[in-house]
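Trainee: Here is how the chains run, residue by residue.
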Amino acid sequence: MLNFSSQSLFFISLLLFAVGAIGALLLGKNDRKANAWGNMLGCMGSLGGILAAVRVLFWGEKFSVSFDSSFPLIRLSFHLDNLSAFFMLVISLIALLASIYALGYAKHFFGKYNLGTLGFLYNLFIAGMLLVVTAGNAIFFSIVWEIMSLASYFLVVFDRQDKNNVKAGTLYFVMTHIGTAFIILAFLLLYKLTGSLDFSVMKNNLGQTPVIFKNIVFVLALVGFGTKAGIIPLHIWLPSAHPAAPTQVSALMSGVMIKTGIYMMIRIFMDVFPGAPLWWGLVILSIGAVSSLLGVLYALSEHDIKRLLAYHSIENIGIILLGLGSAMVFLSLDMQALAVLGLAAALFHTLNHAVFKSLLFMGAGSVIAKTHTRNIEEYGGLIHLMPQTAFFFLIGSMAISALPPFNGFFSEWLIFQALFSGINSAGLLASWVFILSAGALAFTGGLAAACFVKAFGTTFLARPRSEEAKQAKEVDLSLRIGMGTLAGLTLVLGVLAGPICKVLVRVAGSLGNLQNAQAAANFGIFSSHLKNNFAALSMPGILFFLLLALAVTFVLVYGTTRKQKVKIGRVWDCGTDLSPRMEITATGFSRAIITIFGGILQPTKQTAVEYRDADMRYFKKTNVVSLKTKDVYGSYLYGPGQKLVERFSRYTKKIQSGNINAYILYIFMTLIALIIFLVI
Amino acid sequence: MLILTWTIQLLAIPVLSPLFTGVIRKMKARMQNRQGASIFQPYKDLRKLFNKDEIISQDASWIFRFAPYLIFAVTLLIGAIIPIFSTYVANQYLSNFLVVVYLLALATFFLALSGMDAGSAFGGFGSSREMTIAALAEGGIIFSFLALAPISRSGNLFEIAKTISTLQFMQFMPITLAFAGFMLALLAENGRFPFDNPATHLELTMIHEAMILEYSGKRLALIEWAAANKSLIFMALAVNLFFPWGMASAGDGSVLLALLWFVAKVSVICAGIAFVESTIAKFRYFRLPDLLFTSFILSVITIGLITFF
Amino acid sequence: MHISRKSSSLIYLYVVQSVVITLALLMLTLKNPSWPLILVVLVMFTVKVLVSPSFFFKLIQKHQVRFSLSSYLNTPLTLIGVVILTAITHASFFRPIAGLVSVAKGNTLLLAVAVILISLFLIINRRGALPQMLGILSLENGIVAFAAVAGLEQTPGLQLGIIFDIFVWVVIANVFASMIYKQFGSLDVASMTHLKEE
Amino acid sequence: MILLSLILIPLFSSLASWQVKKDVRFLGWIIVTSSVLELVLATAAIVEVLTKGVYAEGIYFSLDALGALLLMIVAVIGLVAGLYSVGYLQMERAKGILGFRRIRQYFTLLHLFMLAMFFAVITTNPVLTWVAIEATTLSTAFLISFYNKPSAMEAAWKYLMINSIGLLLAFFGTLLILSINSTDSTRFVDWHTLLMNASSINPAIAKIAFIFILIGYGTKMGLAPMHTWLPDAHSKAPVPISSLLSGVLLNVAFLAILRFKLIIDTAIGTQFSSSLLIFFGILSVLIAAFMMLGQKNYKRMLAYSSIEHMGVMALGFGFGGVGIFAALLHMLYHSLAKSVLFLSSGNIFLKYSSTKIANVKGIFSVLPVSGILFLFGFLAATGVPPFGIFITEFYILFAGIASHPIAAVFLLLALALVFVGFFRNVAAMVFGEAPSKIKKGEAGRWSTWLPSILVIILIGIGFYLPHFIRTLIDSAAKSYL
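The listed protein sequences derive, respectively, from chains A, B, C and D. Residue numbering for the first sequence follows the working numbering, beginning at 1 and increasing consecutively. Residue numbering for the second sequence follows the working numbering, beginning at 681 and increasing consecutively. Residue numbering for the third sequence follows the working numbering, beginning at 990 and increasing consecutively. Residue numbering for the fourth sequence follows the working numbering, beginning at 1188 and increasing consecutively.
It should be emphasised that the hints constitute simulated quantities derived from the structure, not laboratory data. Only a predicted model underlies this, so the values are computations on that prediction, with no experimental measurement involved. Wrong hints could be hidden among the right ones.
Taking lysine-lysine pairs in the DSBU-like style, the calculated list, with each CA pair at most 30 Å apart, reads [said to hold, decoys possible]:
no., chain 1, residue 1, chain 2, residue 2
1, A, K33, A, K107
2, A, K565, B, K728
3, C, K1171, D, K1548
4, C, K1185, D, K1209
Throw the hints in and build the complete structure from the sequences for me.
Mentor: Right under this line is the structure:
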């Protein structure tokens, strides 16, 4: 299979997905077979995708083919250059592991839902994403984009017994469809400007268009793709939609699908548009800063584990946008080298986030599968019952908290470097935007760490807080393979960050004005350092010395304290018996931060006290306190807009009054009006 | 000679840290008109703890057992990559200030986890408070370093130390602002007044102590020692980045002199801390964020001054 | 037709109108007589003057709706409306239509247009089902008149087809009217506002 | 003789149905055979058109590409509606809603309806077209009032009055156009001769005439603000009739407009007619969009969606360019999608016996197949890939952004709004808990396989447009460019 060309590999993988989809649908009756078929073919297809992407990235076998369709203007044009290949690699990689995971995970749907449909939609979804990142023609792109959204919508509402899932799906589909409307408008404008729908042709014809149109296109595209990427304030669908889907799909949506929005932003802002004005980059930077900070804050206020992870996706999209934004700024300031650096950082964080976020979602899914709840407050002590899952989840938490020596650290370090170099090298306004973005990133890192101490601690540590948690068991092998591989990847990507970034620099250097520009940094296997010697880092070094220090500590401590005994005893319990209710709750853990950022989060607190003695009100029977955060966007942004439209529609409905004379009057008036209008 | 300096560099932090803990305690005692324990008391405490048996909670997992080693190892590593007495033992691939910050974050991460692991009420809120303060302090720390980095066109701590020592007075002034910010972060990170009271086990006030409440024996020793290391690391950074005078620039006799300088400068910082701790009271928990944001803002202002003037 | 409140008189007015138009057609056909055309005229006469009115009278007797229901505008306003519409037709808007024929006939042509608009106005203004049906018929009359004056009448076959359509329409409309009376107990169509957006 | 027999078959079968004595199955056989025959004949005629370009029979009947397209739609949807009616009425009879005589009346009128539509498509003479379309009004009036409920009566009455008025106005417009060859008024005129000496028409008159025609036939076609009869009629008529009304009849009315548009354009250029079409199109799309938002009755919702699609087609022709091709293709897609929607909504109605959205919940659990069909129909109607309407709407926007950007933006906005309104209701219907008293299970195989076939066809021609359709539409669109 290795000696196929990238092109044939690509189409083979598409074919495999198609076979998987159809076959699963046909096997629909038999849950077990349908599940196996769908996921197996999913694995094989993803493998094909990986190989194709690898051949493009390393053998340089770019290709771009197009077939005529039976419709005018529409050409099925597939265009696989470095950027597409990179995203294709990410998608296929995660899809591969998600499919392995799903082999075991989907078991608990048996007999409940039709696994054939699941397999069909799942393969369709993956194929759709692959097509999105390889489509070279605007109409074709919009079609596959919609197909991807459609498949993901059906996956979100797959567990349709639950009302909330349906609601989440509805919101998601509405939002993404409105986003698509913006995208289509952007494409139409691009066509008006360039007279073509092929991205490659647009790129060449776009040179001398008036900047105002470019700005309109920029805003439209930002809104359209930002909706899919889940930037604040267009994110409202994300925290409810991602958790609703089956876990392997949540992993794909959160880890990969939202990246297609990023892909198109890069494609359009960095590749299609030659010289973008400065403020675009600044806007992207600010959006990134806001999204990252608010995303992590909302995550802290969540105690539904999947929603928490979803909010972290928003945060990480923000971080990616910080990289992208800085790259755009540098590009407009004509500093190719730094632009390449920023873009490479963004791409690397895209890859990293895909890896550890899907890992975390899978861990959460395993926990949910065993405890049948998404509420963190009902977990606890799972590290004893499901040690391996706990370990993998811990790795993921460290990676997403950007702790060395894992991959998250290096990409955030790189983005930091991009932002730092921005502070000195741009104008006054730009510098301040850079400073504040760096500040946002700094706080984001710390808050993310806090959030994952909360998530991991309340989920896996201490004592079980509910009966389900007591009954939990370790999950099946296939799930552990999926998670384990990803956990390994976080470390490998971290240690091999240098070589990987070399490749990413090549990817970034193949775009628009960055043609064969050198990066502002040297990436080596052992170390990477910025050309201006501002900073240098050696990930293997960190890992090695950390292990060394650990070993030394162990040896010394063991040597000195061999003879001291270790007793297992009960926790100091102030004389009472310890109950799970004495442990800190997730809500309690993050309460302090929420109070500190109360101005932004607007926490609400409802207390319902019930007394044993209603007249004396002295002995409390129950005291229920529910802490929430106000839905700012719903109440200030979307709510009013919706009200406005609905009021308008109420007025419109007055037309249909039911009175026939009125109806005839409309005709009459139209007639007279038109005739008069005609003469005037 | 190089080997010697390297051994000094590696051992300085873990060896000296208990001493300075003792020094601070002594100074506090004196300022409060007490006799106070000898400045070598911390060494004795560590030895005592290492020789004790230990009890581990039945609910605790391997994280509880593993965390102390990691935390201590991290402080060792950091101790090796920051400038202590010399500017020439630069190892440029690790002594980047972001590495230091995030390695510290790694330690804090595991400290908080181990605090929650035993499942006692104290550990929980201890970790909560610790993570809150750490998260908010991070911005201040990174930015106080970032204020220095542009001046020396490098994020390498040794480079920074080198350039700062050559600054004119006028260029130097804005840095004092960043220094103030860094000091606030220092107090916060090391559980000092007005953020935390290192000497109390009163549940309303304690943060660091609450987390390690379940520890005993060698693991407690490791954690205490690591805490001492951490505070010395911060003080070393404070003196060597902001006032990097008298540091050895070559591996000759000046090393000894530099070491003396180092001890002297750190003692001054210790005095400052002791003074603060015996003059002001601990702040209410929800007033601490103001301080931390202040430290961040101070550093931001510094950056503004440096980049635009 | 606008003013009369009495159903029967409405019908009589319609009959008169139809008679006038058929006579006019007869004149035209007699200029160059041909049997098919005369036949057409006769059929038209039977349909418009004899059959349809008789249907309407039956309707009236069956349901004792001797007085058709009120209108939206009162009499003077109605008259003003009529005047305005006539004015519009004679204003510049429909000038070109008059250009279809010789100047002498021009005004009659515009008069036909006016008839069309006025009967539309009638339909809008009256609440009863009967006046509306008659309004539509007179609208059709107006068009026939227009065709006649402008010399646009079709081949006999077509005309027969059209007349047949009208005839069927009259029948169906009558059936509906009586059904509606059964269902709603009156012929007040303006009261039929159950189908609407709420 | 093909076209002539297309007229005769429905005529005879209508008479035959009238003669049937209390055997419903016999009525069923008649409708099946006749509509199959009609489809065959239509196919034959279309083949002729594909080979010859224009296929004429005598001076009275002829069929060009545009007509062929319409003919195809009429025949196909007619067949489907006919077949569906058989099972549907059986069910209603079983429920005891209908007696035999009503069913007989239904089929008799249905045949007449088909007859009228075939006639309108294939006749060569404007006046005859008018007569035929008037005939559709007359034949459907009783079908709309079929259930004899007060509301049905009301709907039918409004339908009758408003459409008669509209059509009379259209007739007036037609006469004005006919004034082109007022020289020898008694000669039999057909579209072709009109087109030949279109240039001789006085522009002012042409404009007035087109206004009358557009408003007149626009009433029948359901362009706002003349659309008012449409929601009532569609929601009250029996389901197969609704599907015929919105799937076919509206298009036939549009055909008449298009024929005149051609003449007017050759007389005074496309500018005038295009701007009028755009005006009405935008108005229809916007009004429909706002009406569908928070709509409480799903059949009315479907009716408004028809209005919206008519608006889209009008816009397509208004924008010109590729928009014309798109509008014609859109016509085909819309007819199929709309009949899928109506037929599946028929199954839903049979099960829930209510058209209120509030009373319909959990279709997926009660009617799994019909639920999916309804969902597919919705996706097809709102232009979600892989359904073709996405492509046609893209084309129309595409043509619009080139010629009338503002209108295009409005169109896009309205489309998004339509999607939102439509989707909310559909989601509310298909998901959720079904009312307990309703027992699960489809009404019968016939009720699902008919729309299923349509869905398969829809997806098929959404992916691959057969060559003959492409050539038909191309040659039909060519004359408008």
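Trainee: Give me the numbers of the hints this structure contradicts, sorted from smallest to largest.
Mentor: 3 and 4
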